[in-house]
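Place chain B on chain A using the hints.
There are 2 protein chains.
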Amino acid sequence: MHMANENDAGESPLTQRIDFQTDPSRYRHWRVAYDGAVATLFMDVDEDGGLFDGYQLKLNSYDLGVDIELADVVQRMRFEHPEVGAVVLRSGKDRVFCAGANIRMLGVATHAHKVNFCKFTNETRNAFEAAGADSGQHYMCAVKGACAGGGYELALACDHIILTDDGASSVALPEVPLLAVLPGTGGLTRVTDKRKVRRDLADVFCSIEEGVRGKRAQEWRLVDEVVPNSKFEEMVAVRAREFAAKAKTPADAKGISLTPLQRAFGEDGSVRYSLVEVQIDRPKGVATITISGPEGEAPASVADLHAEGASSWILRLARELDDAILHLRLNELEVGVLVFKSQGDAAKVLAHEAFMHANAGDDWLAREIELYWKRVLKRIDLTSRSLVGLIENGSCFAGVLAEILFACDRTYMMSGEFEGDNRAPAAITLSDANFGPYPMSNDLTRLRTRFLGEPGKVEEAARAMGKALQATEAVKLGLVTFVFDDVDWEDEVRIFLEERASFSPDAMTGMEANLRFPGPETMETRIFGRLTAWQNWIFQRPNAVGESGALKRYGTGARGEFDRRRV
Amino acid sequence: MHMANENDAGESPLTQRIDFQTDPSRYRHWRVAYDGAVATLFMDVDEDGGLFDGYQLKLNSYDLGVDIELADVVQRMRFEHPEVGAVVLRSGKDRVFCAGANIRMLGVATHAHKVNFCKFTNETRNAFEAAGADSGQHYMCAVKGACAGGGYELALACDHIILTDDGASSVALPEVPLLAVLPGTGGLTRVTDKRKVRRDLADVFCSIEEGVRGKRAQEWRLVDEVVPNSKFEEMVAVRAREFAAKAKTPADAKGISLTPLQRAFGEDGSVRYSLVEVQIDRPKGVATITISGPEGEAPASVADLHAEGASSWILRLARELDDAILHLRLNELEVGVLVFKSQGDAAKVLAHEAFMHANAGDDWLAREIELYWKRVLKRIDLTSRSLVGLIENGSCFAGVLAEILFACDRTYMMSGEFEGDNRAPAAITLSDANFGPYPMSNDLTRLRTRFLGEPGKVEEAARAMGKALQATEAVKLGLVTFVFDDVDWEDEVRIFLEERASFSPDAMTGMEANLRFPGPETMETRIFGRLTAWQNWIFQRPNAVGESGALKRYGTGARGEFDRRRV
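Listed in order, the protein sequences are those of chains A and B.
Start counting the first sequence at 172; every next residue gets the next number (the working numbering).
Start counting the second sequence at 172; every next residue gets the next number (the working numbering).
In case anyone wonders, no lab produced these hints; they're calculated from the structure.
Do not take every clue at face value.
In silico PhoX-like pairs for lysine-lysine, Cα to Cα no more than 25 Å straight-line [unchecked claim]: (1) Lys512/A - Lys455/A; (2) Lys519/A - Lys638/A; (3) Lys647/B - Lys367/A; (4) Lys647/A - Lys367/B; (5) Lys545/B - Lys638/B; (6) Lys628/B - Lys638/B; (7) Lys512/A - Lys647/A; (8) Lys628/A - Lys386/B; (9) Lys365/B - Lys628/A; (10) Lys386/A - Lys402/A; (11) Lys545/B - Lys365/B; (12) Lys386/B - Lys647/A; (13) Lys417/B - Lys365/B; (14) Lys628/B - Lys545/B; (15) Lys386/A - Lys628/B; (16) Lys365/B - Lys647/A; (17) Lys425/B - Lys545/B; (18) Lys229/B - Lys264/B; (19) Lys229/A - Lys264/A; (20) Lys386/B - Lys264/B; (21) Lys264/B - Lys402/B; (22) Lys628/A - Lys647/A; (23) Lys628/B - Lys367/A; (24) Lys647/B - Lys628/B; (25) Lys386/B - Lys367/B; (26) Lys455/B - Lys512/B; (27) Lys647/B - Lys386/A; (28) Lys519/B - Lys638/B; (29) Lys545/A - Lys628/A; (30) Lys386/A - Lys367/A; (31) Lys519/B - Lys545/B; (32) Lys419/A - Lys365/A; (33) Lys519/A - Lys545/A; (34) Lys647/B - Lys365/A; (35) Lys628/B - Lys365/A; (36) Lys628/A - Lys367/B.
Computed from a predicted model, the values in this text were never measured in an experiment.
Here chain A stands alone, though its shape is the one from the complex (with noise of 0.2 Å):
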């Protein structure tokens, strides 16, 4: 059991905090080889050390737990490894590939643990293309067993895939025939629009269970390349090589050690961890995310920012704050609004940052810094808790930390002089690290999104580059929602509080999925926009939840009773 707290292991599921941090030193399920630039990635799933008891993982397949495993392989191999530029995912097992996600987990789990795990596994999913495609540490699959469900939709989110003709081996994606649900973890999305499947071929391939064999996968454009058995280890290896020669970073560089966070957990829910505190109001279901700006200076050299690695401020900030989120999304189900504050010294984060980003183009580990942020802040948008931003006086909401701002779907802002308050006045700077570092899912940045409508206003916040805006300008700029004096601020920022915790969670949820992603879709907003809400109600029908839907049924012999009403 991954449980952060040994003395929460006698609680029941829903009381048992999860834990998103773990090491190599801890996987259950995964193993990786090591070999210059190629690594090789083994699922071998643990089928007793499953996230909670009550079902066994297995065939690989997968809960949470698996998954939380494989996101921190991920993370490591784009840090720890920065010289892999091929990883190979294979099964650890003889005959299957991976069967999907566990089936009885999903008929025992909560609504919001279902959904909350398909994101986060759709996360994982992106970040092994996002790999691939900004730092060239490219994923592919080596197909060989039975690959169904939630394993294809594995091997869909790699960059190729091959599959062995042995006679026996097929991908499936076998949700709807045996289970009524979709392949929500980007299945359906991945056939469509990155493997662009014929949509009636689609359709035939989504609904048979046995799936799809052979040169018939390849023809179906299912999968990259169908080798001969004999062929399929020489095969991999020779694809392997050319994914590894095709690696952004030099072969010599060396990684950073991804230290464990400093964290601390309160009995009131609050956690601290060096740069970020979160303070839980249970009874008003806010949560409060304070950052902190940076102490010391920004990195004198490339070589002092890999002597810092884990520790400095810019890559502590990122793991801390995508660490709090997730705690937050899984754990604190009630906590429905978000609150992002800030203190600190601005012109210290801007150092930071722009020392970074300065460096990304040539030192992978400035690079990969950024690019961690750029999925942090994509995190953060796909939270579907109400994200509000709060600039007081003494914040430090500069180039990536104002993004957080940009990425909330109201801000307040102090305005003028607060009595007794003698911290710098409340500003937003902005800097590079608003016009392009860090799209959002839909390949927009968060101001270009945010002024679909008046495009110049992105042109006119550039021209403010560098600036300490205080409430006038942010408002004349369109950077912020509202502005209150000292009178105001208190009382205004408590009801909408109040206001905003007295909606229903589901309006908040579905009203947010649609508000804070306009403009252009791309795959992955597709994913979590589309697809993920077809799932979420698919996961409320009876026809697949209810005593005698498919899903509850699944392994019991008897198959699942349908109201046959469409609707």
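Coordinates of chain B only, in the frame set by chain A:
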């Protein structure tokens, strides 16, 4: 009560057949004043004219019956009043523009009715926009009084919104705070993607029950202009004249009459139109829709086409097919599969269609018929039933009728000799119709969508235009899913239909919604793919529809009680 058959009036709502045919003599909720190129459309809902018992349509709120009339208005405007260039939508009531969908109706309606109601209303809103974009018949909205929820969504679907500044009139989307559901008739999507409202302002706007008035409504981009009450009528007239001046159709164009459809309903669920026959196998959950090709020749001249009017084969077929689809959607919920067949002379189909297409540039009626086919085909795409094309001997799937096949989830084609069958061998014939005039909601043709992964296939298909493509060629070109010969045909088709009927209807709906629309997204695909899916999810959630949910409780004085857990 808009019941098709007054004999049904005594039956419970669930067994009443909803009829999509109406005409101005029967309108209870709308009236139109025609003045040359300007039509004024008054919404003046009869409180007691609800489609079902149990609610009153207060405050210009609407139900499906009101929207069926509206769809009829919009359709007749295109065909019967081509001289109209500007349609001014306004309220026939004093103090209210429109309060949106009737909440009591939503509170008592089944999930399936709610979902289908929303889909139909969405299609009609889209038809407003299509009228402006495709035919220069622009809808503009003159808002006086409260314009809330579905009322504002009506306004959003117009090409221009004028709001009076009388200190009381407002626009609002109060669904979230009031009902814990989404503005699901395009509201959220049009706010972000059509009007491009800044996302934080959209968040505020969608959270306040009372909406936004006056100048702020314009500043936030919620309306196009705010006009002092004293100048309101004058400005509405000015804008109407401006839009009317953009009409594409000559002022002296004389409309045709959309005469009543010929249809007969059988007790077994069958519907017989003049060119469309619907047979229903209830135990199997399959409806077979058989289309008849033209008996007569194509019109010899544009004058002939106008003289034929609604009796022309190509318009009559579109109307009958449209009605049949809507009938099946709302009245035959247990029919999960629609099978399309055709019988007739493909050459004649091509001649009728070629005449229409050749004249669509110069003749308004030919253009309108072609544009109507675009809408009918989209309606098929968006029908959440499994769509199957059976290409049998004697069929006439040519050009526009072949588009129906490309709208299907799968197609099966007869191959080779069939004993005792002396009809012409099964064939598909492509024409210009398959390469441009009928884009899907994603703005691509169905063939372009089909071959996203192999764009060369579109050109290959284009080279085969005009040729009767039998099974071998059709398969080679990728135009059909499966072909079967005399030995296998019957069994294969039967087995497939039985299998399809055995799947969860919900899983089918979700799967088809994801597989049918790959490639680019448009406002339409976002409304039907993303917004709708979230709304469907919320329409299942106890926070909205449970006994203590906000939708159920509305009007009782008690607020909804929410499970505060986010998912």
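Consistency of the hints with the structure:
| no. | hint | result |
| --- | --- | --- |
| 1 | Lys512/A - Lys455/A | holds, 17 Å |
| 2 | Lys519/A - Lys638/A | holds, 14 Å |
| 3 | Lys647/B - Lys367/A | holds, 18 Å |
| 4 | Lys647/A - Lys367/B | holds, 18 Å |
| 5 | Lys545/B - Lys638/B | holds, 23 Å |
| 6 | Lys628/B - Lys638/B | holds, 16 Å |
| 7 | Lys512/A - Lys647/A | holds, 22 Å |
| 8 | Lys628/A - Lys386/B | holds, 20 Å |
| 9 | Lys365/B - Lys628/A | holds, 18 Å |
| 10 | Lys386/A - Lys402/A | holds, 15 Å |
| 11 | Lys545/B - Lys365/B | holds, 22 Å |
| 12 | Lys386/B - Lys647/A | holds, 17 Å |
| 13 | Lys417/B - Lys365/B | holds, 21 Å |
| 14 | Lys628/B - Lys545/B | holds, 23 Å |
| 15 | Lys386/A - Lys628/B | holds, 20 Å |
| 16 | Lys365/B - Lys647/A | holds, 23 Å |
| 17 | Lys425/B - Lys545/B | holds, 22 Å |
| 18 | Lys229/B - Lys264/B | holds, 11 Å |
| 19 | Lys229/A - Lys264/A | holds, 11 Å |
| 20 | Lys386/B - Lys264/B | holds, 24 Å |
| 21 | Lys264/B - Lys402/B | holds, 19 Å |
| 22 | Lys628/A - Lys647/A | holds, 10 Å |
| 23 | Lys628/B - Lys367/A | holds, 13 Å |
| 24 | Lys647/B - Lys628/B | holds, 10 Å |
| 25 | Lys386/B - Lys367/B | holds, 17 Å |
| 26 | Lys455/B - Lys512/B | holds, 17 Å |
| 27 | Lys647/B - Lys386/A | holds, 17 Å |
| 28 | Lys519/B - Lys638/B | holds, 14 Å |
| 29 | Lys545/A - Lys628/A | holds, 23 Å |
| 30 | Lys386/A - Lys367/A | holds, 17 Å |
| 31 | Lys519/B - Lys545/B | holds, 20 Å |
| 32 | Lys419/A - Lys365/A | holds, 23 Å |
| 33 | Lys519/A - Lys545/A | holds, 20 Å |
| 34 | Lys647/B - Lys365/A | holds, 23 Å |
| 35 | Lys628/B - Lys365/A | holds, 18 Å |
| 36 | Lys628/A - Lys367/B | holds, 13 Å |
Hint violations for this structure: none, all hints satisfied.
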